[in-house]
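Listed in order, the protein sequences are those of chains A and B.
Note that the working numbering has the first sequence beginning at 2, numbered continuously upward.
Note that the working numbering has the second sequence beginning at 13, numbered continuously upward.
FYI, nobody ran anything at the bench for these hints, they're computed from the structure.
For glycine and all other residues, C-beta sits at the position ideal for the given N, C-alpha and C.
Careful: at least some of the hints might be erroneous.
Unchecked claim - Restricting the straight-line Cα-Cα distance to at most 27 Å, the calculated cross-link-like pairs of lysine-lysine (BS3-like) are: (1) A:105 - B:194; (2) A:109 - B:188; (3) A:105 - B:91; (4) B:91 - A:76.
Unchecked claim - On the chain B side, residues computed to face chain A include the following (Cβ under 8 Å): (5) 168; (6) 172; (7) 173.
Claimed, not checked - Per label pair, the in silico range of CB-to-CB distance: (8) B:112 - A:70: 47 to 53 Å; (9) A:87 - B:141: 30 to 36 Å; (10) A:70 - B:271: 44 to 50 Å; (11) B:204 - A:89: 45 to 51 Å; (12) A:96 - B:195: 21 to 27 Å; (13) B:215 - A:11: 50 to 56 Å; (14) A:119 - B:232: 36 to 42 Å; (15) B:50 - A:20: 39 to 45 Å; (16) B:73 - A:89: 43 to 49 Å; (17) B:181 - A:122: 18 to 24 Å; (18) B:271 - A:45: 40 to 46 Å.
Each chain, letter by letter, is given below.
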Amino acid sequence: MKRCLIIDDSSVIRKVARRILEGFAFKVTEAADGRQALDECVKEMPDAILLDWNMPVMDGYEFLRALRAMPGGDKPKVVFCTTENDLAHIARAMHAGADEYIMKPFDKEIVEAKFQEVGLI
Amino acid sequence: MNAADYGFLCRFLKERSGFVLAQEKEYLVQSRLLPVARRNGLSDVANLVQALQTGASAALKTEVIEAMMNNESLFFRDKIPFDRLRDTVLPDLLKRREPVRQIRIWSAAASTGQEPYSVAMMIADRPEFAGWRIDIVATDISNDALEQARGGIYSQFEVQRGLPIQLLMHHFDQIKGEWRIKDRLRNMVQFRQLNLLSNFSALGQFDIVFCRNVLIYFDQPTKIDVLARIRRVTAEDGYLILGAAETMVGLGDTFVPVPDRRALYRPHPRDPAPVVRLVPDDARVA
Ligand SMILES: C[S@@+](CC[C@H](N)C(=O)[O-])C[C@H]1O[C@@H](n2cnc3c(N)ncnc32)[C@H](O)[C@@H]1O
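Isolated chain A, as found in the complex (with noise of 0.2 Å):
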């Protein structure tokens, strides 16, 4: 079973999330700002990660640089889940690793795309 993190500070996206990715059959684990999510990490490397980008203790571009520097870090697809729909948010998210990007609003088909997309699903 292919595990995935959802790092989201709102509990509200993190459980409409986990209902979506456990109806495609991914163990998940969740954490509520960037610190919590490299704690996980280090713990267990997921195979896939959804990661918010606006936290309050540490943010998703900061989190994904660090986890890209850990060791087996690169192993994870990351797909970004954010508000920030703007062109240089996403090209900056790319650069620094991103798998995909979705942009807030988002459903089931979307995000079932985008895991295909990477090759998750």
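Could you slot chain B with the ligand onto chain A? The hints should help.
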């Protein structure tokens, strides 16, 4: 809606677009046509039907047909056909068409443009096509859909299903929360209004025909007829690409599936050269 009006609308649609309404779709007709009636100063669908029966303008007839169409489309819809295009069809045609360096592609029910633009994205910037002439002709019966296609503007929702983010970044500009295809790509596609029931031989010969998610609305004889006429504008060594859920089963043998390549078809080899008749025509036994 009374049965006579519904029957009339079914025949009207079938004759003009091939569209076959399933049984008991009165509610669908009602909900699609009431706004058309109102826009034209008619109080309800019954009055609209009466107008159609007593010589409505061509514009009103078109409006009715367009209102009934399902224009849903997606970038890289079903994915597989586009993988086939990239991995099988284009490499093959790059070899075969080397002498002329020209490939002609037809999107026969292009709707709001996602299909021809997806094709264009697979060809744009590919160095192997440098110096080639690639025509992408995109047609649809619906002027509304074509107008949107020509504009090339899509919502955030529309660009997120099927379009990889790298292609979005590369081929679109962002304008106030919407996404607009760059001119470079827009200029690769020619859009034209065309009813598949009409004669389309004037479009010329094509190497690749996309005819996806439109035959499903037609009845069997219409499907067979349209496919036979598509066959006539498809190069002998060209390709037909159907929707992922469509097959040629029961539709004759104008096209045959490419083995192990779902969704991909080739023209049936033309009938062998006519055999020399030993008996003159007029001497044949009837
Ligand atoms: C569901 S869309 C398919 C779009 C695209 N090919 C795809 O697969 O995503 C069907 C399109 O067929 C068009 N259509 C229906 N009847 C037609 C006809 N007789 N001639 C040409 N186009 C027709 C409709 O206007 C509509 O845009």
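- Task: Go through the numbered hints given earlier and state which of them the structure violates, listing their numbers in rising order.
- Result: Going through the list in order, the structure violates hint 11 alone and respects the others.
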